[in-house]
Structure formats: structure tokens, C-alpha cells
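J.: Chains as they are written, first to last, in our numbering: chain A, 146 to 357; chain B, 146 to 357; chain C, 146 to 357.
Where hints are given, some of them may not hold.
[To be verified] So the derived label-pair ranges between C-beta atoms look like this:
hint, chain 1, residue 1, chain 2, residue 2, range
1, A, L243, C, S320, 37 to 43 Å
2, B, F248, C, Y156, 53 to 59 Å
3, B, M269, C, D268, 20 to 26 Å
4, C, D268, A, L220, 15 to 21 Å
5, B, V274, C, I160, 53 to 59 Å
6, C, G270, A, T163, 23 to 29 Å
7, C, D268, A, M158, 46 to 52 Å
[To be verified] Computed list of chain A residues with no C-beta within reach of chain C, every gap over 12 Å:
hint, residue
8, T163
9, A180
10, V187
11, V207
12, I253
13, K265
14, I316
15, S320
16, L321
17, V337
To be clear, the hints were calculated from the coordinates, so they are not data collected in a lab.
Predicted model only: the values in this text are computed from it and were never measured.
Here a beta-carbon is modelled for each residue, glycine too, at the ideal position from N, C-alpha and C.
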Amino acid sequence: MGRQPIPLNNYSMTIIYTLDLIGTFVFAISGMLAAANKQFDVFGASVIAFVTAVGGGTLRDVLIGAQPVGWMKDLNYLGVIALAVPVSYFFRAYIQKLRKTMFLFDTIGIGLFTILGLQKTLDMGLHYVVAVMMGAVSAVFGGVIRDLLSNEIPLIFRKEIYATACILGGIIYLSLTVLGVEYHISVISTVVFIIVIRILAVRKHWSLPMIK
Amino acid sequence: MGRQPIPLNNYSMTIIYTLDLIGTFVFAISGMLAAANKQFDVFGASVIAFVTAVGGGTLRDVLIGAQPVGWMKDLNYLGVIALAVPVSYFFRAYIQKLRKTMFLFDTIGIGLFTILGLQKTLDMGLHYVVAVMMGAVSAVFGGVIRDLLSNEIPLIFRKEIYATACILGGIIYLSLTVLGVEYHISVISTVVFIIVIRILAVRKHWSLPMIK
Amino acid sequence: MGRQPIPLNNYSMTIIYTLDLIGTFVFAISGMLAAANKQFDVFGASVIAFVTAVGGGTLRDVLIGAQPVGWMKDLNYLGVIALAVPVSYFFRAYIQKLRKTMFLFDTIGIGLFTILGLQKTLDMGLHYVVAVMMGAVSAVFGGVIRDLLSNEIPLIFRKEIYATACILGGIIYLSLTVLGVEYHISVISTVVFIIVIRILAVRKHWSLPMIK
């Protein structure tokens with residue numbers, strides 16, 4: 146797709162993989178916390194944590210035809226979700242205090258999910274535009290499926306701007322890649338961009354115009 | 146499946162393809178209009194427009210295993226949806242006046258989606274019965290997914306008769322095809338049948354019996 | 146996955162297949178009865194019956210990449226669902242009296258769906274843990290999709306314990322299989338275990354702890 150796959154050194158790979166797992170962990174915890182406001186039992190809450198964490202990537206894999214879906218091939222993702230369930234159950238009070246740290250890793254997760262989903266779609270030989278869409282789907286549709294299963298209108302359709310941040314981030318990542326910018330710089334720039342947009346959106350109460 | 150693929154001349158192909166794109170466009174606009182009654186922002190409304198337009202075909206492709214799903218391989222479908230979003234945003238008042246034209250193209254779209262979905266399923270080597278089901282899924286499940294994402298009970302489960310029209314239309318198309326009727330005549334007969342049934346259903350307030 | 150496929154004699158195969166079809170039939174009837182409490186027409190209720198009966202297996206097949214999904218390849222499943230629709234429509238009063246028989250076949254169905262789903266996942270070369278999950282998904286997600294389409298929070302996330310029974314049953318089946326226990330004994334033990342757990346859960350009002 147316009148650039149050769151750059152062999153990453155082990156150190157970079159490990160960092161990206163670790164951050165991806167941490168992102169999954171944080172997504173799962175946020176799913177558990179969301180479930181706590183509904184009258185779910187432990188099983189239901191675990192399902193919600195699970196779909197919040199991997200639902201976006203699962204939908205992407207099904208749409209592009211990359212099955213069995215990703216988390217079936219690397220059990221570490223299931224592992225961190227299985228860890229998130231008791232952690233959020235027993236340390237809820239403590240987690241609430243870590244809100245800023247959570248927000249940071251959640252946003253890093255969003256950025257990485259976007260890039261990894263976009264790249265996987267490109268690797269299937271699909272078009273840039275589809276890849277940007279699938280990057281955003283990877284990052285935000287876990288939350289959409291969580292809201293559907295909780296019988297709520299997806300939050301993201303109403304006031305969160307972060308889907309837009311993912312789309313813009315995807316376009317930036319793709320542009321940098323096409324321009325031949327080094328992989329690490331592209332990844333870091335994109336993730337930082339998404340973090341900055343999201344923080345600004347929260348601080349400045351940015352939102353998209355409503356329909357009607 | 147009982148008949149040889151008939152080489153279509155370019156003229157016919159272009160007409161069917163154009164009507165399919167127009168149908169997609171009209172479906173997307175109707176999705177946008179539906180979203181306007183919910184408190185969606187531009188992003189949410191665009192997602193609703195998108196799933197209304199291509200959700201049925203996407204579900205069909207995932208079920209029969211024809212991935213990557215159709216709209217990923219021909220960006221014109223994304224193109225007309227991307228066009229429908231600003232058009233329905235800025236020309237809403239004008240569109241309301243075109244209600245009859247919209248209804249006509251919407252129904253042509255339903256008829257074509259049924260036939261194209263049915264044919265694609267047959268082309269995968271699946272059974273006639275499955276093909277008729279997948280024809281109807283192609284035509285009506287975009288609306289079902291739209292309703293799910295809007296947190297409403299799918300309208301079609303309650304009072305629209307057009308799923309039934311699609312199933313009957315699919316059976317007619319299949320019968321004509323098996324009987325060796327020329328392709329264009331089969332397509333036009335089926336689409337006209339679905340249009341007539343739907344108009345009659347609206348005029349005469351036809352509905353299926355309720356359960357209970 | 147650790148054991149050779151055991152050639153089953155025709156008699157065993159026929160029994161398992163017949164019970165699987167009966168399970169599908171009973172699931173479809175329970176879907177119809179659930180739809181009767183909503184204002185669905187015959188079409189909507191049939192869709193609900195259909196997804197209740199085969200929705201779990203369909204989701205499993207899509208996730209593991211075993212498409213076209215199972216019911217497309219053996220029309221007997223569609224057949225028993227098509228039978229269940231008029232049966233539950235015209236014999237509702239009679240079915241209500243058969244509640245205990247229905248419950249028994251429903252639970253046998255759950256047990257078999259778990260085992261068959263688990264085995265199909267193993268046959269795709271996937272991990273034991275994924276297989277246990279997909280066994281439970283096969284058994285319980287038809288009901289989840291039914292609840293989603295009916296715009297309700299999935300019942301199973303709140304107070305049914307039978308997803309847990311399916312997971313435990315799957316672990317038992319897998320353990321027996323790995324230990325080299327004969328296939329029929331493994332199947333019967335697992336199904337009996339799931340039945341006993343479910344009856345006890347109903348009798349003793351077992352439930353999982355709520356989240357908050």
C-alpha cells in the first residue's frame with residue numbers, strides 16, 4: 146500500500162503490544178463500571194466488559210473477513226479482560242480515584258486501536274477510505290455494542306467527539322505513512338493527536354452540530 | 146442454479162447499477178430523516194444513514210460468507226451515502242415535497258436489493274429457500290439495524306408489509322428464472338410486483354395479523 | 146484437539162441430530178411465545194422465533210468464520226422453525242400445559258447446543274477456552290438477540306444462571322473428552338449436568354451476585 150512493511154525491532158513491538166493490552170484492560174474496566182449502573186449480575190457485567198474491550202475489533206474482523214476474529218488467536222486479550230473483571234469488582238473505589246490515569250490509557254487505547262485496525266484493513270488489500278473507517282470502527286464500536294446490549298442509544302451518536310478524532314487520526318496516520326514518514330513517528334504523532342483532540346474536546350465542550 | 150448466467154449488454158447493466166446506486170442514495174436519505182427525530186449529532190446521523198443504506202446487504206454478506214462485504218469493494222456506494230448526508234441536511238424542506246418520488250425510488254431500491262441479494266446468494270451455491278430469505282434480508286434489514294441503533298423496536302416487525310412483498314417478489318423472480326424467462330423481464334416483473342404490492346398495502350392499509 | 150474423531154454409529158448420530166432438531170423447534174416456539182407479549186405481527190414473530198432458535202449458532206459461525214452459517218446448509222433447521230410458527234400460533238393453550246415437557250426439551254437443547262458449538266469450534270482448530278465460550282454463545286445468544294430485537298435488556302444478563310451452566314457444562318465435556326472418556330458418556334453426562342444445574346437453579350432461586 147505505498148510503503149514497504151518496516152521490520153520493527155522487538156522493543157517497539159513489545160511497547161505497542163503492551164499498550165494494546167493495557168488499552169484492552171482499561172476498556173474492559175470501563176465496561177464493568179458502565180454495567181454497574183444497570184442491574185446486571187456478574188455474568189452480564191463480564192459480557193459487557195468483554196464486548197466493550199474487543200467488540201470493535203470483532204466487528205471489523207467480521208466485516209473485512211478476517212476470521213476467526215482477533216481475540217480468538219491470542220488469548221492474552223481474554224486474559225487481561227478476565228483480570229479486569231475482578232479488579233474492577235473489588236477495587237472500584239480505588240479505580241475512581243485513578244480517573245485521570247484511566248482516561249489517559251483509555252485514550253492511548255483508542256489511538257492504538259485506530260491505527261492497528263486501519264493497518265489490518267490495509268493488509269487485507271482494502272481501500273484507504275475503508276481502512277480509515279475500519280480504524281474508527283475498531284476504536285469506537287465496542288462502546289456502541291455495549292450501549293446496544295444495555296438497551297441505550299449509543300452515547301457516541303449524541304455527544305462524544307472521539308469518533309471524529311479517530312477518523313481524523315486515521316487520515317493523519319495514513320498521510321504520514323504515504324509520505325514515507327518513519328513508522329514510530331507516525332504512530333506516536335497519531336496517538337498524540339487523538340489524545341490532544343480528546344482532551345480539548347472534553348475541556349472546551351466541543352461537539353458536532355446536532356441534526357435538527 | 147438451473148440457468149446459465151446471461152451475458153447482459155452494457156446498457157442493461159448500467160441501468161441496474163444506476164438504479165441500485167439511486168436506491169442506496171434514497172435509503173441513506175431516509176436514514177438521515179429518521180435520525181433527525183432522535184437527538185443525534187452529525188456523526189450519529191451519518192452512521193444511521195450508512196447502516197440504513199447498506200446494513201441489509203452487509204448482514205447478508207456476513208451470513209453467506211462473502212467478505213469483505215460488498216460496499217468495501219465498490220466505493221461508489223460510500224460515495225452516494227457521503228452525498229446523501231449533506232443533501233438531506235441542507236435540502237430537507239425540498240425533500241419533504243418530493244415524498245412521492247422518494248417513495249418510488251425507495252421501492253425500486255427494495256425490489257432491486259431483493260433481486261441482487263437473492264442472485265448473490267445463489268451465486269454462492271446456496272439453496273433457493275436461503276436465497277429468497279437473503280433477498281429479503283438485503284432489502285429490509287438495513288431498516289432493522291437502523292431501528293436497533295436508535296433503540297426502537299424494528300418497525301417492520303409491527304406493521305410494514307414490505308418484507309412480505311420482498312419474499313413474494315423473490316419467489317416470483319426465482320420462478321420466472323427457473324422457467325427460463327428472459328432476465329430483464331424477470332427483473333422488471335419482480336420490481337413492478339413489489340412496487341404494486343407496496344402501494345396497495347399503503348393505500349388499502351394491508352397488514353399481517355398480529356400475534357395475540 | 147487431543148482426541149481422534151470417534152466414528153459414531155448411525156443410531157447415536159440420529160438421536161443427537163433428532164434432539165438437536167427438537168431443541169431448535171422448542172427454542173423457536175419459546176421465541177414465538179415471547180413475541181406474543183410484544184405487538185408483533187406474524188412476520189415479526191417469525192423473525193423472533195427464527196433468531197431465538199438459530200441466532201446463537203449463527204453468531205458463533207460468523208465469529209469463527211464457518212460461513213455460510215450452519216442453518217443454510219441443512220434446511221431441516223428452517224423446516225422445524227417453519228413448523229413451530231403455526232404450531233405455536235394455533236396450539237398456544239395446549240403448549241402452555243406442556244410447560245414441563247417444553248422446559249425439559251429446552252434444557253436438552255441448551256446442553257446439546259453447547260456441546261455441538263464447542264465441538265465445531267475445536268474442529269476449526271481454535272483453543273479450548275474459545276471453544277467453551279463458543280459453546281455457551283451457541284446455547285444462549287439466540288435469546289440475547291431475541292431480547293435485543295424486542296428492545297429489552299437481555300434477560301440472561303440479569304438473573305438467569307444458565308449461561309453459567311453452559312460454561313461449566315462445556316468445561317466438563319472438554320475435561321471428559323481430554324481424559325479419553327467415551328463420546329456418548331461425555332455427551333450424556335454434560336447434558337444431564339446442565340439439566341440438573343438448571344432445575345436446581347430454578348428450584349433454589351440460585352443467582353449470580355449482582356454488580357452493585
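J.: For B:F248 and C:Y156, compare the CB-CB distance with the range 53 to 59 Å and indicate the outcome.
T.: Taking Cβ atoms as reference, B:F248 and C:Y156 lie about 58 Å apart, which means the hint holds.
J.: Would you assess whether A:L321, listed as outside the interface, keeps its beta-carbon beyond 12 Å of every beta-carbon in chain C?
T.: holds, 32 Å
J.: The hint says 23 to 29 Å between C:G270 and A:T163; measuring C-beta to C-beta, is that right?
T.: holds, 27 Å
J.: Find the nearest Cβ of chain C to the Cβ of A:V187 and say whether that gap is larger than 12 Å.
T.: Its Cβ does come within 12 Å of chain C, the nearest being 5 Å, so this is violated.
J.: Hint says 53 to 59 Å; check whether the CB-CB distance for B:V274 and C:I160 agrees.
T.: violated, 26 Å
J.: If I take the minimum Cβ distance from A:K265 to any residue of chain C, is it greater than 12 Å?
T.: A:K265 is indeed farther than 12 Å from all Cβ atoms of chain C, at 15 Å.
J.: Does A:I253 sit more than 12 Å from chain C, CB to CB?
T.: Fine: 26 Å to the nearest Cβ keeps A:I253 off the interface.
J.: Please verify that the nearest CB of chain C lies beyond 12 Å from A:T163's CB.
T.: holds, 21 Å
J.: Taking 46 to 52 Å as the hint, is the beta-carbon distance of C:D268 and A:M158 inside that range?
T.: For C:D268 and A:M158 the Cβ distance comes to about 32 Å; the hint is violated.
J.: Could you tell me whether the CB distance from A:L243 to C:S320 stays inside 37 to 43 Å?
T.: holds, 39 Å
J.: Should the label of A:S320 as a non-interface residue stand, given a Cβ cut-off of 12 Å to chain C?
T.: The claim holds: A:S320 sits with its nearest Cβ about 33 Å from chain C, beyond 12 Å.
J.: Mind verifying the non-interface call on A:A180? Its CB should be farther than 12 Å from each CB in chain C.
T.: violated, 6 Å
Taken one by one, the earlier hints fail for this structure at numbers 5, 7, 9, 10, 11, listed in ascending order.
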